[in-house]
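Participant: So the chains spell out like this:
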Amino acid sequence: MNPILTLADVTRVHGAGAAEVHALRGVTVTASQGELVAVMGPSGSGKSTLLNLAGGLDTPSTGDVVVDGTSLVRLSQSRRAALRRTSVGYVFQSFNLIPALTAAENVALPLELDGWKRGRARDAALVALDEVGLTSAADRYPDDMSGGQQQRVAIARAIVGQRRLILADEPTGALDTATGEEVLKLLRARVDAGAAGLLVTHDPRHAAWADRVVFLRDGLVVDESGRARGPEDLLDAEAAR
Amino acid sequence: MSVRHALLALLEQGPMYGYQLRTEFEGRTGSTWPLNIGQVYTTLARLERDGMIEAASGDSEADEDGSKRRYAITTDGRVEVATWFDEPVGRGEPPRDELAIKLAIAVTIPGVDVASLVQRQRTATMNALHDYTRLKRGAATDEPADLAWSLVLDSLIFNAEAEIRWLDHCEARLARRSSAPTRSTVAEEAAR
Chain D
1 MNPILTLADV TRVHGAGAAE VHALRGVTVT ASQGELVAVM GPSGSGKSTL LNLAGGLDTP
61 STGDVVVDGT SLVRLSQSRR AALRRTSVGY VFQSFNLIPA LTAAENVALP LELDGWKRGR
121 ARDAALVALD EVGLTSAADR YPDDMSGGQQ QRVAIARAIV GQRRLILADE PTGALDTATG
181 EEVLKLLRAR VDAGAAGLLV THDPRHAAWA DRVVFLRDGL VVDESGRARG PEDLLDAEAA
241 R
Chain Z
1001 MSVRHALLAL LEQGPMYGYQ LRTEFEGRTG STWPLNIGQV YTTLARLERD GMIEAASGDS
1061 EADEDGSKRR YAITTDGRVE VATWFDEPVG RGEPPRDELA IKLAIAVTIP GVDVASLVQR
1121 QRTATMNALH DYTRLKRGAA TDEPADLAWS LVLDSLIFNA EAEIRWLDHC EARLARRSSA
1181 PTRSTVAEEA AR
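So the sequences go chain by chain: D and Z.
Per the numbering used here, the very first residue in the first sequence carries number 1; after that it's consecutive.
Per the numbering used here, the very first residue in the second sequence carries number 1001; after that it's consecutive.
These aren't lab readings, by the way, just hints derived from the structure by calculation.
We treat Cβ as the ideally placed atom computed from N, Cα and C, and that holds for glycine.
Take these hints with a grain of salt, some might be off.
To give an idea of the interface, some chain Z residues facing chain D are shown, with a C-beta separation under 7 Å as derived from the structure [what the hints assert, rightly or not]:
id, residue
1, GLN1119
2, THR1123
3, GLU1161
Partial list, derived from the structure: chain D residues whose beta carbon lies under 7 Å from chain Z [as the list claims (entries may be wrong)]:
id, residue
4, PRO204
5, ARG205
6, ALA208
7, VAL213
8, VAL222
9, ASP223
10, SER225
11, GLY226
In silico negatives: residues of chain D with every beta carbon more than 10 Å from chain Z [to be verified]:
id, residue
12, LEU57
13, GLY69
14, THR70
Taking the hints into account, I'd like the entire structure generated from these sequences.
Facilitator: Structure below.
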């Protein structure tokens, strides 16, 4: 399988000297094409740091972060921002839509920032809104929508223009159970269609939608569930005997 | 016991053969609790002994193992089914919970690595939750039988979720108790 995201032995230290905080202490996580990976752990375990590193919003103290074959660590800040705009989609707990823009304008925004012509960006936005089942709401404003609809707009914004890596930070946190499940269905469908996803959640039922769950504790991966038990694993198990 | 009542309730729909009852039971519960046919006939024999069911009229009573007989519910049987549906499932004595027992013993015995025990269990339960969720995604829910199975799956999903949340809770309580040797040692132990 083709890894779209690789975090290789990353550490992240905030502060210095006595105030030094080790947010991540040597973590390796990959997400391949068609793979949704969930990250679970108590607050302070390093989940948000991991997501920020994966999206190039932060850089590791040591280790490497590779998105779509490009190492973010060696990129200039502006090149990193460009890669973030074209390859990475974010979904947040609080939706983060711009209230003065319609649904379609919100979805088209990252493309316009990337230099797309307005008409072409709108066409792509409508395709993405169609994928999340919100074609009819294209010209409505976020305030006129339910939380579930707003989050679907946010997902459309995250996937617009064929983004290959979707990073989701507690995307169901502000939604009721049934609406949260709809959101996961959409994420799952997009990943199944060829993207890779990293999902931070504290809800085991939502993490179960992922292919694998990585458990973080105090900046370390302590375990992983749902690992594919393919032929290689059987051989490994055989060899370990 | 629930299998006895479930079979009896199915017979309220009309007379059935033993294998038919098994098919109906497993269809509605998604084969979550498979029944062997011997168990079905043993249960039917007891129900007949207790006057809850009888041979369906017109059917031969010749064969001995009951496999060629259809069974019909009696009036007593109908009363029993009505009572079963009316009364809540008993919650008086909690059923034995191996995990709760294991953890209770583990925290009282020196030298047991409880943090690792909790994490291994969480991973195992998470794997089960993966499997149930995958089944749930594939389950259509329009037909009554699909709905029944889907609700059984929900029950398994909610139970697995509750177990993981309980393990998180145990871990947090244990971490607070042993906060003297700092949190990082717990993580290092867990990482081993």
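Participant: Decide, hint by hint, whether the structure agrees.
Facilitator: Right, here's what the structure says about each hint:
1. GLN1119: 5 Å, holds
2. THR1123: 4 Å, holds
3. GLU1161: 5 Å, holds
4. PRO204: 4 Å, holds
5. ARG205: 5 Å, holds
6. ALA208: ALA208(D) check passes; min Cβ-Cβ to chain Z is 4 Å, inside 7 Å.
7. VAL213: This hint holds: VAL213(D) lies near chain Z, its Cβ roughly 5 Å from the closest one there, short of 7 Å.
8. VAL222: 5 Å, holds
9. ASP223: 5 Å, holds
10. SER225: Cβ of SER225(D) sits 4 Å from chain Z, so the hint holds.
11. GLY226: 5 Å, holds
12. LEU57: 25 Å, holds
13. GLY69: 29 Å, holds
14. THR70: Label holds. Min Cβ-Cβ 30 Å, cutoff 10 Å.
The structure agrees with every numbered hint stated previously.
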